[in-house]
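Colleague: Chains Z and R are the protein sequences, given in the same order. Under full-length UniProt numbering, the first residue of the first sequence is numbered 1, with each subsequent residue one higher. Under full-length UniProt numbering, the first residue of the second sequence is numbered 1, with each subsequent residue one higher.
Check before you lean on any hint, since a few could be wrong.
What the hints assert, rightly or not - Some residues of chain R that are not near chain Z, with every Cβ distance over 10 angstroms (derived):
#1 Arg-42
#2 Ser-61
#3 Tyr-78
#4 Ser-97
#5 Phe-102
#6 Phe-169
#7 Arg-174
#8 Leu-196
#9 Asn-250
#10 Arg-264
#11 Ile-277
#12 Thr-282
#13 Ala-329
What the hints assert, rightly or not - In silico DSSO-like cross-links for lysine-lysine, where the CA-CA straight-line distance does not exceed 30 angstroms:
#14 Z/Lys-156 - R/Lys-273
#15 R/Lys-263 - R/Lys-144
#16 Z/Lys-126 - R/Lys-263
To be verified - Stretch by stretch, here's where chain R covers chain Z in the computed footprint (C-beta under 8 angstroms, at least three residues):
#17 111-118
#18 122-135
#19 202-213
#20 256-268
#21 275-281
Note that these hints are calculated values from the structure, not bench results. These numbers were taken from a predicted model, which means no experiment stands behind them. Where is the CB? At the ideal position from N, CA and C, for every residue including glycine.
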Amino acid sequence: AMDTVRIAVVGAGVIGLSTAVCISQVVPGCSITVISDKFSPDTTSNVAAGILIPHTYPDTPVPTQKQWFTETFQHLSAIATSAEAVDAGVHLVSGWQVFRSVPTEEVPFWADVVLGFRKMTEAELKRFPQYEFGQAFTTLKCETAAYLPWLEKRLKESGGLLLTRRIEDLWELQPSFDIVVNCSGLGSRQLVGDSMISPVRGQVLHAQAPWVKNFIRDGSGLTYIYPGTSYVTLGGTRQKGDWSLSPDVELSREIFSRCCALEPSLHRAHNIREKVGLRPSRPGVRLQKEILVRGGQRLLVVHNYGHGSGGISVHWGSALEATRLVMDWIRTLRIPAPVSKL
Amino acid sequence: MVAGVMRVVVIGAGVIGLSTALCIHERFHPAQPLHMTIYADRFTPFTTSDVAAGLWQPYLSDSSNPQEAEWGQQTFDYLLSHIHSQDAEKVGLSLISGYNLFQHEDPSWRNTVLGFRRLTPREMDIFPEYSYGWFNTSLSLEGKRYLPWLTERLMERGVKLFHRKVESFEEVARGGADVIINCTGVWAGALQTDALLQPGRGQIIQVEAPWMKHFILTHDSSLGIYNSPYIIPGSKTVTLGGVFQLGNWNELNSVHDHNSIWKRCCKLEPTLKNARIVGELTGFRPARPQVRLEREKLHFGSSSAEVIHNYGHGGYGITVHWGCAMEAANLFGKILEEKKLSRMPPAHL
């Protein structure tokens, strides 16, 4: 009989939890423990609005990004039209992305993945006098406040464990675990010494404005209005290398002002709260295997981090790839080692 | 020649009554001084307009009166021009996108709404019971907000509103009204028999389902308009409906209708089973083959009164209200001209 493969997933944001759930669905005979110092509602993912519009990674090939986005979109579509939709926090939302001047790429790589993508008509653009060009489409919103707890529940139902603990060194997980899946996001900077990952600070506002039913996004990605189930997210900022988690009052005013310029009715929004998140920004997503060696020990690792502003948009595709890499490692484990010392 | 004060009485305080009153008052007062009063036995939130979800959408087939399409277009354009006002939310006005599902050709108003397009095959997969549909962005105007806003604007202008059940045009004429604007909706028959006017009874369930961001309207030509399930999100609740019963005056909510609406809407949108029901209402659409928007001069013994009828807007009152208010104002203008001409001294003196 084969021993149960013991898998530790470090990190409980959208990447960690979805990777854990994916592994539990696909890989037979394994035990999964998610270990993190923070769980929902205190993760970086909780600050994100969760709109499915991909972010472009300069160092990840476009076909790969498209594949991850497509897999995520299809996966969430199935949830959105199922009985689980409300518990999982996934629903459809339509809206507009507007550009001050016509972009070089009028039709992005993900145009055929979202629903009903088309150029905005002249009449629709009239509402945005400072903008020359726009795209209209229907996409999904994956609300982390519900989605993360929903993933946690599914993991527990399949026998997975959740452990609150801060890991300072991956070797702490030896010898309790056979494979470590590192989904620690920005934490990887310290945890595995990756200097390519750094924070891009994002500040957003959560406002009550339930009459706003459509999203509006400035093509630059800096200003956006995303209506959700319990509040509308108004954003945002992109501050490279800024580690501060305290809201900046001046920035809040400025964000509010930019959003009101796009949607004046927001002036009547109330109960506004500020949130800050540090995007785990990296030129490309690190999704690869690694063997760590120390003394006579080896540690099999799969890295899945560095999703920047696009984590929720590609999370399931990323989880599927990480799961494939985990299965590679499992095959290695199950081949008897030719010599006991490596 | 100094224009004297015209005494105007508006009967009815639904969306038609209040908007017609405002349109006329804004257009003519104070150049033509108006003393305007509104009488109604129901005010917001108890009017038919308060039951309506407030989505701008005409019926699928054109009315026998081509003017109605114009009135709808005028209303849409008028509302859209106010969408960026800071007051939009106070007025109860916002944009909303969504789906119409069925088997029908494209409606004539496809160029009025924003971004009208056919649904793609992948979108149709979301609605497995239907084979064709379209998507567009339209406007939502909620009676519960709009009527109070109209009332405020009227009161600011010195118009008085009274809770009073008018029993006849004669009583209003003898009270001194020069012009009567009849916006009594489905109850117009009580003031003057109208065989063409019937109640189109509707019942709706209001639920909390804040994840719903699109309207979904289904259509079945064999059942008739609005006898098929529809889901229309509002600013605070989502309206579920799909009942249009001609001739039914029952103002009580029907258990049978509740079950039918609930079952069919949940089938259309399964996530609704998680929604909390917070209200249920019945309203009577003032159904008529076409809107009655015309003048009539009534004589009572030696006196007479000019009446402008503006009623019978069926299930599209909010959709055409402003175009109709403007037409009523046009008719009012004609009345003023005629009165001026009749007061002018004969040319030979």
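Colleague: It remains to establish, for every hint, whether it holds in the given structure.
Modeller: Hints and how they fare:
1. Arg-42: At roughly 26 angstroms from the nearest Cβ of chain Z, R/Arg-42 sits farther out than 10 angstroms, so the non-interface label holds.
2. Ser-61: 24 angstroms, holds
3. Tyr-78: 14 angstroms, holds
4. Ser-97: 4 angstroms, violated
5. Phe-102: Fine: 18 angstroms to the nearest Cβ keeps R/Phe-102 off the interface.
6. Phe-169: 40 angstroms, holds
7. Arg-174: 45 angstroms, holds
8. Leu-196: 36 angstroms, holds
9. Asn-250: 33 angstroms, holds
10. Arg-264: 17 angstroms, holds
11. Ile-277: Per Cβ check, R/Ile-277 is outside 10 angstroms of chain Z; nearest 15 angstroms; holds.
12. Thr-282: 25 angstroms, holds
13. Ala-329: The claim stands: R/Ala-329 keeps its Cβ more than 10 angstroms from every Cβ of chain Z (closest is about 26 angstroms).
14. Z/Lys-156 - R/Lys-273: 25 angstroms, holds
15. R/Lys-263 - R/Lys-144: This hinted pair holds, its Cα atoms lying about 27 angstroms apart.
16. Z/Lys-126 - R/Lys-263: Between Z/Lys-126 and R/Lys-263 the Cα gap is close to 40 angstroms, so the pair fails against 30 angstroms, i.e. violated.
17. 111-118: Answer holds; 3 residues pass the 8 angstroms Cβ test.
18. 122-135: holds (count 3)
19. 202-213: holds (count 5)
20. 256-268: holds (count 4)
21. 275-281: The restraint on the stretch 275-281 of chain Z is violated, since only 0 of its residues have a Cβ under 8 angstroms from chain R and three are required.
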